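Residue strings, one per chain:
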Amino acid sequence: MIRIQLVDDEPNVLNSLRRLLRRQDWQVDAFSDVEEALEALLQHEYAVILSDYKMPMADGVTYLKFAKQKQPGAIRLVLSGHGDSESMVKAINQAEVFRYLTKPWDDHEVVAAISSAVELYSLQKENQRLRKENDAQRAMIKAREEELLRLEADNPGITRVRRDADGSVLLDDDAGSSD
Amino acid sequence: MTDKEPTDTGQDALNARLEQANKQLLQSEKLAAIGQLAAGVAHEINNPVGYVYSNLQTLENYLNDLFRLTDAIDTAASLEDLRQIRHNIDYNYLREDLKDLLSESREGIERVKTIISAMKDFSHIEEEEFKQADLHRGIETTLNVVNNELKYKAEVVRDFGELPHVECIASQINQVIMNLLVNAAHAIEDFGKITIRTRHQGDSVTLEVEDTGKGIASEHLNRIFEPFFTTKGIGKGTGLGLSLSFNIIKKHNGEIEVHSEPGQGTRFRITLPVTQPEPLQHTQQNQDTENPA
Chain A
0 MIRIQLVDDE PNVLNSLRRL LRRQDWQVDA FSDVEEALEA LLQHEYAVIL SDYKMPMADG
60 VTYLKFAKQK QPGAIRLVLS GHGDSESMVK AINQAEVFRY LTKPWDDHEV VAAISSAVEL
120 YSLQKENQRL RKENDAQRAM IKAREEELLR LEADNPGITR VRRDADGSVL LDDDAGSSD
Chain B
0 MTDKEPTDTG QDALNARLEQ ANKQLLQSEK LAAIGQLAAG VAHEINNPVG YVYSNLQTLE
60 NYLNDLFRLT DAIDTAASLE DLRQIRHNID YNYLREDLKD LLSESREGIE RVKTIISAMK
120 DFSHIEEEEF KQADLHRGIE TTLNVVNNEL KYKAEVVRDF GELPHVECIA SQINQVIMNL
180 LVNAAHAIED FGKITIRTRH QGDSVTLEVE DTGKGIASEH LNRIFEPFFT TKGIGKGTGL
240 GLSLSFNIIK KHNGEIEVHS EPGQGTRFRI TLPVTQPEPL QHTQQNQDTE NPA
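So the sequence lines, in the order shown, correspond to chains A and B. Taking numbering that gives the first Met the number 0, the leading residue of the first sequence gets 0, the next gets one more, and so forth. Taking numbering that gives the first Met the number 0, the leading residue of the second sequence gets 0, the next gets one more, and so forth.
I should point out that these hints are in silico values taken from the structure, not numbers from a laboratory. For clarity, every value in this text was computed on a predicted model and none was experimentally measured. Incorrect hints may have been included.
What the simulated footprint calls covered on chain A by chain B, stretch by stretch (three residues with Cβ under 8 Å from a Cβ of chain B suffice, anywhere in the stretch; the number is not a length) [said to hold, decoys possible]:
id, region
1, 50–58
2, 100–108
3, 151–165
Glycine included, C-beta positions come from ideal geometry on N, C-alpha and C.
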């Protein structure tokens with residue numbers, strides 16, 4: 000199941016976001032305490048992390064930078080009441096956020112932003128899975144080729160099958176001994 | 000005698016102009032300080048407005064769901080259909096959550112109201128006369144205005160004693176308190192403690208603002224009340240806050256002292272007389288008729 004993490008020092012903000020996201024098919028974990036949010040990063044895999052900017056102890060950018068180290072695959076978003084250019088630049092350059100949303104927010108905008116983030120996460124996940132599958136298949140092919148080469152070296156001609164006009168395999172003792 | 004007259008009136012006129020200039024300076028420093036606080040206040044308001052606004056949209060969805068149920072009373076074939084709708088709209092959750100939604104939204108609006116009225120109290124220009132005032136109320140108003148500057152930097156501890164009403168220009172004293180609180184928050188690098196202490200001794204009261212910040216370097220200590228002296232970065236301080244605070248306290252026949260240990264923190268102490276001494280031009284009118292409300 001897709002897991003979303005919300006971090007904001009204001010419980011009422013978290014409650015209203017939880018209400019908003021209730022209809023979506025996501026597991027929503029909300030934290031008003033940054034340290035608890037950090038701990039949760041070690042326990043669950045998150046698709047999306049949405050953080051407030053200004054919080055006691057650590058600001059949102061610092062938190063998201065840390066989250067990026069712990070879970071590089073999670074898509075990061077900021078929901079800030081601040082909206083000054085300095086915090087935006089920091090969020091983009093340091094925490095590499097996917098969206099910078101501002102308070103007061105528009106419900107549709109927040110849902111749309113999180114949905115695109117979930118989509119991006121799923122695509123990346125799928126991409127990773129396909130690459131892994133591809134790598135595994137390649138490794139399998141490579142192992143087979145090596146085996147064939149080994150057989151060919153031990154018994155030259157063994158990997159080449161000669162057939163006649165109607166497709167029957169020709170077993171010819173002379174074939175291997177020439178050249 | 001005849002040649003002394005014009006000099007006297009000249010002096011009076013100059014004094015009046017100086018007084019006027021001082022008033023303007025005081026007002027512009029206050030506005031500058033409020034301007035610097037504005038971003039913080041906006042943040043403080045955007046939070047509650049954000050969730051109240053979102054809650055209202057959720058409330059609309061809840062109501063649409065509930066109307067779906069009530070409308071079905073006429074059209075539903077059986078009670079079972081109604082029960083089914085009630086189940087579909089997650090009625091029990093709605094019922095429970097509606098209470099929270101409303102009380103949280105009310106709390107948000109209350110907060111906005113408090114901030115706005117504190118800003119209004121704070122920026123009062125007209126109150127230019129000495130009146131009996133409750134200093135604790137002034138402190139609370141000021142805390143509401145600067146809350147956003149403080150809450151991420153420090154825990155605020157109120158160590159209040161019993162205070163009588165103090166004869167002062169409340170808006171100016173608030174301005175001094177704001178300066179001290181903002182300075183205290185700026186002095187704290189990560190997270191610290193700001194203690195506001197009030198005491199009453201004999202015919203004077205003391206008000207202390209103490210922080211656990213980085214302290215003031217000893218070479219700066221004797222310059223902090225100079226106009227335009229600041230160690231804050233460009234755009235962070237006008238360099239006028241403490242110098243104007245000093246003037247305000249002097250005008251109130253009080254004292255402002257500072258005690259600071261680099262690395263430990265700073266404590267500002269203001270001492271104010273409970274009643275202003277009699278022979279003052281600004282206390283001449285309606286001092287006795289004043290009724291502390």
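ask   = Which hints from the list above does the structure break, by number from lowest to highest?
value = 3
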